[in-house]
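Protein chains in written order, with the numbering used here: chain S, 32 to 742; chain X, 32 to 742.
Mixed in with the good hints, there may be bad ones.
Pairs count within a copy or across copies, as identical chains cannot be separated in the list.
What the hints assert, rightly or not - EDC-like cross-link-like pairs, simulated, lysine to aspartate or glutamate; straight-line CA separation at most 20 Å:
no. : residue 1 : residue 2
1   : K340      : D431
2   : K50       : E150
3   : K486      : E554
4   : K129      : E143
5   : K486      : D260
6   : K95       : E462
7   : K249      : D178
8   : K669      : E532
9   : K390      : E256
10  : K363      : E325
11  : K506      : E266
12  : K313      : E538
13  : K380      : E143
14  : K579      : E654
15  : K676      : E555
16  : K61       : D398
17  : K217      : E462
18  : K390      : E673
19  : K363      : E654
20  : K363      : D305
21  : K247      : E616
Hints in this document: simulated from the structure, not taken from any laboratory.
2 protein chains.
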Amino acid sequence: MINRTDILPANLHKIFYPKSIAVVGTIKVKRTVPGDIFLNILQTEFQGIIYPVSPGERSISGVKTYKYVVDVPDEVDLAVIVFPSSVCNLALEQCGQKGIRSVIIISAGFREVGKKGLEKENELTRIAEKYGISFIGPNCLGVINTDPVCRLNASFARSFPVEGSIAFLSQSGALCTAVLDYAQAKNIGFSKFVSFGNKADISEIELLYYLRDDPKTKVILMYLEEITDGRRLMEAAKEVIETSHKPVLILKSGRTEEGANAAASHTGSLAGKDEICDAAFKQAGIIRCSNIEEMFNIAIAFVYQPFPKSNRIAIVTNAGGPGVLTTDATIKEGLQLAAFSENTTLLLKRSLPTTANIKNPVDVIGDARADRYGAAISAVLKDDNVDGIFVILTPQSMTDIESIANEVSRSAANSVKPVYTSFMGQADVAEGIKILEYNNIPHYILPESMCKPFKTVYDFNNFIATQATVPLFSKPPANLTGKNLVEKAAVKTNRYLNEIESTDILEAYELPVTKKRIAISAEEAATISVETGFPVVMKILSHDIIHKSDPGGVILNIGSEKEAKNAFNNIIENVHKNMPEAKIEGVQVTKQIQNGREVILGIKKDPSFGPVIMFGLGGIFVELFRDISFRIAPVDKKTAYEMIKEIRSSGLLTGMRGTIPRDIEAVANAIVKLSSLAMDCPQIKELDINPLIVLEQGAGCIIADTKIILE
Amino acid sequence: MINRTDILPANLHKIFYPKSIAVVGTIKVKRTVPGDIFLNILQTEFQGIIYPVSPGERSISGVKTYKYVVDVPDEVDLAVIVFPSSVCNLALEQCGQKGIRSVIIISAGFREVGKKGLEKENELTRIAEKYGISFIGPNCLGVINTDPVCRLNASFARSFPVEGSIAFLSQSGALCTAVLDYAQAKNIGFSKFVSFGNKADISEIELLYYLRDDPKTKVILMYLEEITDGRRLMEAAKEVIETSHKPVLILKSGRTEEGANAAASHTGSLAGKDEICDAAFKQAGIIRCSNIEEMFNIAIAFVYQPFPKSNRIAIVTNAGGPGVLTTDATIKEGLQLAAFSENTTLLLKRSLPTTANIKNPVDVIGDARADRYGAAISAVLKDDNVDGIFVILTPQSMTDIESIANEVSRSAANSVKPVYTSFMGQADVAEGIKILEYNNIPHYILPESMCKPFKTVYDFNNFIATQATVPLFSKPPANLTGKNLVEKAAVKTNRYLNEIESTDILEAYELPVTKKRIAISAEEAATISVETGFPVVMKILSHDIIHKSDPGGVILNIGSEKEAKNAFNNIIENVHKNMPEAKIEGVQVTKQIQNGREVILGIKKDPSFGPVIMFGLGGIFVELFRDISFRIAPVDKKTAYEMIKEIRSSGLLTGMRGTIPRDIEAVANAIVKLSSLAMDCPQIKELDINPLIVLEQGAGCIIADTKIILE
C-alpha cells in the first residue's frame, strides 16, 4: 500500500497542472455532461495534450479517441472520468493500471443517492488507496485553472473565467455555475476554481494546503454544506492564514437546521450548531460570509487593495444624501470617521468651492468634475489621520463619470491606503465602473456595502498581527483520575449521571464543587441541615429526573430544623405526585450561597467540531437574549477571559454601575478545567454547570448544580 | 389672503399635469442646470406647450423665448424657476402677477447655505402666500410625470424613466439621479418622481396625499433626511395606507447622529432618536428601508405581485446549495416552509425524475428544462398549504434559461399567489431576467433577497387587515390638576423637579406613587422609619442631585431604629464629601418593597415626534441589551400591552420558567396614565420612573423613584 499523504501534493499538482489529460467516458453529444467536459477542455486552449477515451467513437471534434484509458500510448497526468456511476470503478481501476495518480470524477450517482451509491463511492476509495490515486469528486462540476501556462477547464461550467487571484472551492456544483456567471459580469478573475462534490478523497482541507502554496492565489473562498472534520478545517485554515497571510472566506449553509434534535438538557437546547460554527471560524481566523455577494464584496477588497493601517475612513462624495447614508453605515460597522488635520482642511478649502463641505464626509458638490474629485482625494490621502477612502459618485448632468473613474484609479495607484468606490446607479455609470474594475479598484453598487469589506480586511490584519502565531489549541495533560471516573460511569447503562457521580468527576478536575450530603429521611435531613448551617437548599436525587425543579424537587431558603423536616417531606411528596415512576435515591442538602452572581458553564459535543465550551450569565440572560459565548475546546486561560468578556452582560461580573466586581479569575480557571475534562472524556455528550455561583473578587466561585449526559 | 389649503390640490395637480409651462430663467448653454431643464422638457415630448423665459435670448432650440414670464401671451399652468437664487423672488413675484399658482423652484442657494439663504427662502414663502402659489423646492432636482397624457420631465435628471406604478419622493436631489439610473438598469418604472429639496412650501406630507389619489401610483417611496413634523407624517401615512392600501416605504438617513446631545438623565441617554423613528414608522404602518436596494426589492414585490394569504413558502430550485441558503433565509426572516399536501407530493413524484427532491425545497435537479420547472411550479401553486413561491435557477449547461423564464411568467400570470424569482449569476441569465422583468415577475440577484420583500408584503397585508382602521392616536381628556402642577413647577427656574414636586404630579395622574416622608435629622429619620415599618429605604433629597446613588445618597435594607439613624448620618456625610456644592433638602424615607420586579417607564420629548413613551425591564436589561420599547404618545391600553410584550425580557413579567407572574395590567395602566401626562404637559423634556416595582398579578405596582426634567 502506498502512503497517500506523501504523494498527495504531487498528485494535486497534476490535477491543476497536467501536461496530458484523458477524458474517460466522453461522448459526441453536445449539451451533455460527458460531451461538454471534453469540449470545454479542448476549446479553452489547454496547453497540454487531450486524449478522449470513448468506447463508442473513433474521433470527437477531430481528435482521435481511445477505447480504454489503458490504450492511450503516452503518459497521462490526469484522468477526468465522466462515465455513468455504474462503471466508474472499472474506469478508475484502469487509470490505476495505466499509472495515473490524479483523477477528477465528475459522474454523479454516489453517496448523494443513498446507500447503494455510498457503496459505489467506497469502492472508488478502495481502488484509489490501492493505486495511490488522489481524486476530486465524485458528483462535481470539475476543476478550472486559469493560469496561462495551463488553461485547464476540466468542468462542465458554461464559461471560462478571466485570470485572477481568487480561488473558489465549492461543495455544490450548481452554485459554481451561478458564481462564475456572477463574477464574469463583475469582471472578477479566478486563479483556481474547484467543485469538489462528495469529497470522497480530496476535501477542502487538502485543497486549502495546496492553495496556500499556489503563487497565483491570494484569497481562498469556499462554499460548504457540511463540515466533516471541523477541527482539521480549523487547523488547516489557521495554518494557511498564519504561514501565507491568505484570508479564508467561507459561506456555510444550513444555519437554521438546529432544533433538529431538540436536546433534552438545558445546555443542549442552547448550543445551536450554527453559533458553534461561528465561534469555531472566529477562533481559526476564518471569515464567515452570509451570502455570495458579501463574499465577493470582501474578496475584491482583499485582492485589489492594500490592508489599512487602522479604521479611520474619509468619505468623498458629490452628493450629501449618500454621504449621510454611508456615514451611518461606517459607524454602525464599527469603523471611525477620520478627523482631518488642519493642513488637510486648508488644502480642501483651497481646492473646493465655498459651497462644498470640507468636513468628513467631504461633499465636492453635484457639479464636481474629475479635477475636483482628484484634489479632494489627494488631500485626504495625504492626511495621517486617514486610513482609507470611500469615494461616492452620483451621476449628475455635469458629472464626467469616466474621467473621475480614471482620476480615482490614478490616485489609488499612487497610495498605500485602500480606496473603495461606489458609483451609484447602474446604466449611466457602467463605463465608469468598468474603468474602476480594470484598475483593480473595488466597486460596490451601494455605498453602504463598502463598510463591511473594509472592516473585514482591517480585522483580518489585526488577527494576523495578534493571533496568527498563537497556537490554535494547546492540549492540556490528561487527568487520569477524572478520565477513569467518567469511564466507570459510562460502563453503567445510565446516560444521565447522578449528582454524586457528577460531583466526583468535577472534583477530580479541581472544579469548585460544594460539599453535598444525602438525606434519606426527614430526621436525617434536619440533622445534616443543622451541621451544614442555615440557610440550606434541598434537591431531589434521582437518575430519572433531569430538571429537578419541574416536579417540585428543589426547595431554597430553608432556615430552621423544622423547616428542614417539612422541606424533605414536601420534596418526596411532590416527586411522588408529579413523577410517580421516578426512582428516588434521596434528598441532597447543601449550604445556600447568598449574594452570588449566577453564571452557566457547559460542554456540548458538536458533531462537526467535537467538544465545545459554553459560558453565559444566568438562565434568563441565556434564554431571553442568547447571551452566550462558545469556544471549541481546549480553551486556555486567555481564551477563557475572552469568553467571559465577550458576552454583553459581562459588565455584571466586572462591576459596572455599582454592582459588585466578581471573581472573574476563578471563573476563567473553572472554564480551563472544564475544558480539560472535555478533552479527556469524549464520552460526554453534554455537561451543564448551572448555576456556577460567582462570589466577590478573590472569594472564588461555587458550583451549585451539575448535569452530565453521556453519549 | 388666499386660503392655500383649499387650493393646494388644484395647484399640485397642475405641477404634475400642466398644459403649459414657463421655464423661467433658462439659458442656451447645455450641460448647465438652467439649460438642461428646458431641453429635458422639450425632448421628453411634453404633451403641452413650453414657454422658455430667458431675458438674454430670442429663441432656444428653435423655440421663441420671452423676456419675463408676464410677457407670455397665453395662460401658464406651471412655472419652473431656474434663475440664480438672488432673483428668484422677483421671478416668483412675476409668476404671481401672471396668475401662475403652481411653481417648481429648482435653484439652489437658500436655507442650505446658511442664514442669508434662509432669509431668501422665507421671502419666497411670503410671496407664495400673497398670491396663493404652491411650490416645490427650492434646491431640488425637479419633477417627473411619466403619464403618457403629460410626459413631464421638469428636472435636470439625465434620463426619463419608463412608465410604472412606483412614486419616488426625495429630499436629496443627488440621490434621485442615482435612483433613476439604478431603476433604469432594472427596468423599474415610475409614475411620479419628485425631488422636493428644501420643502419650503410643499413637503412630503402634501405629496403623500396627492399620490394617494393618483390612479397611476401603487406604491410610494421616499428618501428623507430630516423629519420636520413627525406626527403629521405619521398621520398622513396612516391615512394614505388606510384609505388607499398603498404602502409607504421610507429610507431615512442619519441613523447614528444620536449621542449628539448626550443627555443628562438616564432615560435621555437611552432614547436614541433612531429607535424612536423606528417605533413611529411602525405605529403608522410605514415600512422603513435600510438602503436603496432593499427599498426597490420591496417595491417591486408590492407592485408586481398579489399579496400572499399567509407566509408559507414553496421553494423550487435546480440546485441544492442555493435551496439550502434560501431555506435558511426564509426561516430567519420569520416565514415558514410549506408542508406539501399528499396530492402535491404525488404530482411532484409523477412529474419529476426519481433523483429529484420532491420535498420542500423542491430540487428539480441540474438538468431541468422548462417543462420540469413548469410541472413543479404548477403542482405547488395548486397546493392550499402554499402561499407563495420562490423560483431559483442556476445556469447549468442544460438549462434553457429563457424558456424557463417564460414558463415561470406564464404560471405566475395564471395564479393568485405571488411568485418571486432569482436567476443566479449575471451574464448568462441576463436575457432570462429581462423576460421576467417584462412579465412583472420580481427578480432578485440573490435568492436570499426574496425573503424580506415577501415578509414585508405579508406584514403590510396584516397591518391593513388589523390596524389600518384603528385610529393612530386617541387623545385622552386633559387632567387639569396635573397640568397646573407642571405649569407651576415650570415657572420656577429649576429644570429638575425634586422628589416632592414629581410625586405630586404623578399622584395627580393616579400613578402609583409611594408615600414619602422627609426627615431632616437622624432622630426624625428613625421615628419615620418606625412608623413606616422596616425595612426602609433612605434617599437624599436635593435639586442638585440627579443620580442619587452616585454620591452615596441611597441606602437600602435599613432594618432597625439604630440602623436608621446611622443611615441618615451616612447619607448626609457622603453627599457632603462627594458633592459639597449640592444643597441638601433632607432625606426621604420610604418602605422598601421586597420581591418586586423592577421596570422602567419614561417620557422623552423627541424633536421630530414630540412626546414618546418608553418601557423597559430594569436598568441592566436596558443598558446592556437595549431591551426597550417606544411609542409615540398618546398610548392606549392595547398599545401599552404591546409595549410590554414587545421587549425580549417580557417573559420575566408574564411568568416564564417558574418566575412569578406580575401585575401586567397595572403596568399597562401606568403606561396609559403616563401617556396622558405626556400629552398634557409639553414642558416635560424627560420623565424617568426608575424603578417601577411590579408586584404579583393583582397586587399592582409601585413607583420607587422618579426624575422629571423640564425644557
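Now for the hints, and whether the structure bears them out:
no.	hint	result
1	K340 / D431	neither (32 Å within a copy, 49 Å between copies)
2	K50 / E150	neither (33 Å within a copy, 79 Å between copies)
3	K486 / E554	neither (65 Å within a copy, 62 Å between copies)
4	K129 / E143	neither (29 Å within a copy, 79 Å between copies)
5	K486 / D260	neither (29 Å within a copy, 36 Å between copies)
6	K95 / E462	neither (45 Å within a copy, 37 Å between copies)
7	K249 / D178	within (14 Å within a copy, 52 Å between copies)
8	K669 / E532	neither (30 Å within a copy, 52 Å between copies)
9	K390 / E256	between (46 Å within a copy, 18 Å between copies)
10	K363 / E325	both (17 Å within a copy, 17 Å between copies)
11	K506 / E266	within (13 Å within a copy, 64 Å between copies)
12	K313 / E538	neither (32 Å within a copy, 54 Å between copies)
13	K380 / E143	between (65 Å within a copy, 18 Å between copies)
14	K579 / E654	within (18 Å within a copy, 32 Å between copies)
15	K676 / E555	neither (43 Å within a copy, 46 Å between copies)
16	K61 / D398	between (54 Å within a copy, 13 Å between copies)
17	K217 / E462	both (12 Å within a copy, 17 Å between copies)
18	K390 / E673	neither (37 Å within a copy, 43 Å between copies)
19	K363 / E654	between (26 Å within a copy, 18 Å between copies)
20	K363 / D305	between (24 Å within a copy, 12 Å between copies)
21	K247 / E616	neither (67 Å within a copy, 77 Å between copies)
In summary, the structure is inconsistent with hints 1, 2, 3, 4, 5, 6, 8, 12, 15, 18, 21 from the numbered list given earlier, while agreeing with the others.
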